[in-house]
Every structure is written in C-alpha cells, then in structure tokens.
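2 protein chains.
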Amino acid sequence: MGEVKHILVAKFKDGTSQQQIDDLIKGYANLVNQIEPMKSFQWGKDVSIENMHQGFTHVFESTFETIEGIATYVSHPVHVEFATLFLGHLDKVLIVDYKPTSVDP
Amino acid sequence: MGEVKHILVAKFKDGTSQQQIDDLIKGYANLVNQIEPMKSFQWGKDVSIENMHQGFTHVFESTFETIEGIATYVSHPVHVEFATLFLGHLDKVLIVDYKPTSVDP
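These protein sequence lines are chains W and Z, in that order.
Going by our numbering, the first sequence opens with residue 18, and the numbers climb by one from there.
Going by our numbering, the second sequence opens with residue 18, and the numbers climb by one from there.
Hints in this document: simulated from the structure, not taken from any laboratory.
One or more hints might be untrue.
As the list makes no split between identical chains, a pair holds if one copy fits it or if it spans any two.
[Stated by the list, open to error] Within a straight-line C-alpha distance of at most 20 Å, the following computed EDC-like cross-link-like pairs (lysine to aspartate or glutamate) qualify: (1) Lys30 with Asp108; (2) Lys109 with Asp39; (3) Lys109 with Glu85; (4) Lys28 with Glu67; (5) Lys43 with Glu85; (6) Lys109 with Asp40; (7) Lys116 with Asp39; (8) Lys116 with Glu67; (9) Lys62 with Asp40; (10) Lys43 with Glu82; (11) Lys109 with Glu82; (12) Lys116 with Asp63; (13) Lys116 with Glu85; (14) Lys56 with Glu82; (15) Lys62 with Glu82.
On a predicted model such as this, the values are computed, not experimentally measured, just so you know.
Please model the entire structure based on the sequences and the hints provided.
Okay, here's the thing in structure tokens:
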C-alpha cells in the first residue's frame, strides 16, 4: 500500500517509426527485469477527449515500493542507458511521481 | 481488466490556500459518489527528483470501466460544475486518458 507511482507522459518525435516505438516500449518494460526496485510497468496511448493533452500521446506508469527505490532506479546504469536512448526519440516529456492517497468523501 | 485511467496533472494558482486545495480534492473525490461510471479516485503530490515535472505539483487518477464512461463523466452536470470551479484554481493542467497494457519483455 505504500507504493509510489512514476508517471511519464510522452510525445515521440515525428519520424519515429512504429517499429522504433514498439522496441522502445519493450525496452522500457524490460527494465522491470533488470532494476530491482521497479515492481511493475504498464503503458497506453492517450485516448482523451477533452483536448487538454497538450499533444502528448503516450503514458507510461511504473510502480515502486518507496521514493528511495525511484532514486535507485533513476541512477541505475541500465536506466541511464535506456533513458538516453528513449529521451532521444521524444519531442515532449513530463515526469511526475506520487504516493497515491484515497480520500473518504 | 478493461479499465481506463484518467490522469490529471495540475499546478494550483499561487495564492490558493491549503484549505482551498483540501476542499477541492475532497470535491474531486466526492465525484465518485455522484457520477456512476467513475469507479475510483486517488491523488498525490509530486515527489519526483528528475526535475522533469515542469512545475506540476499534483496528480489525480480516476478509473473508469470504459472510454464511453469517461465521455459520460465529462459531460455530466455534476462534473461540469466541479470542473469549472477546479480549473479556475489551476495555473497549469494536463489531462491524458489511457487503457493500461502490460508488456511481456
């Protein structure tokens, strides 16, 4: 229950092929197997209808047990190598981390 | 498993008090009780360390069973009233919806 969500919202550069995008997503997913504090990964294409997505097209959500785990992930050599490749294909990127809280209304 | 995530990333206007922020978050959470297709709600403050959050400070995640459910939510009078109030207190906002997919690396 103490999990921390790591949300990356992205827009790939024009000219990035579908094959390249698929390979990058596989590479991102594969970090789960290589970086211990990263517990799970999911992604999806933006399907919003409110036109407040500011051109972003993809969402990537990773889950960690602790904020410290995200720091370990960020500085991990496997992540650093992947991030350099991945960010090179992005036109826009936004990263937010948060510890989800529910509210009793 | 067919759920759709509705992610809103926000920065409140300078001068919005903590009490106002707390009340707005309670109002957001309370939409779950009033708008049938909205299944759950959670939120958290940005704790990211990569400095790629572009000034955004809060994340709000709602879950729906279908993309059509989000359309019902967006046009629901209770949501329209809340959104007008909420957006009036925001300096920045980004909304993306996605159907989470896992990848077998």
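Status of the hints after comparison with the structure:
1. Lys30 with Asp108: within (5 Å within a copy, 27 Å between copies)
2. Lys109 with Asp39: Classified as within; 18 Å inside a copy, 31 Å across copies.
3. Lys109 with Glu85: neither (26 Å within a copy, 28 Å between copies)
4. Lys28 with Glu67: both (17 Å within a copy, 18 Å between copies)
5. Lys43 with Glu85: Neither, since 25 Å and 29 Å both go past 20 Å.
6. Lys109 with Asp40: Classified as within: same-chain Cα gap 18 Å, cross-chain 32 Å, threshold 20 Å.
7. Lys116 with Asp39: between (29 Å within a copy, 16 Å between copies)
8. Lys116 with Glu67: between (26 Å within a copy, 16 Å between copies)
9. Lys62 with Asp40: Within. Shortest intra-copy distance 15 Å satisfies the 20 Å Cα cut-off; inter-copy 32 Å does not.
10. Lys43 with Glu82: Close neither inside one copy (22 Å) nor across copies (26 Å); limit 20 Å.
11. Lys109 with Glu82: Cα proximity of Lys109 and Glu82: none, with 27 Å in one copy and 28 Å across.
12. Lys116 with Asp63: Between copies, since 8 Å is at most 20 Å while 22 Å is not.
13. Lys116 with Glu85: within (12 Å within a copy, 28 Å between copies)
14. Lys56 with Glu82: within (7 Å within a copy, 24 Å between copies)
15. Lys62 with Glu82: The answer is between: 16 Å across copies meets 20 Å, while 25 Å in one copy does not.
Hint compliance for this structure: hints 3, 5, 10 and 11 are not met, and every other hint is.
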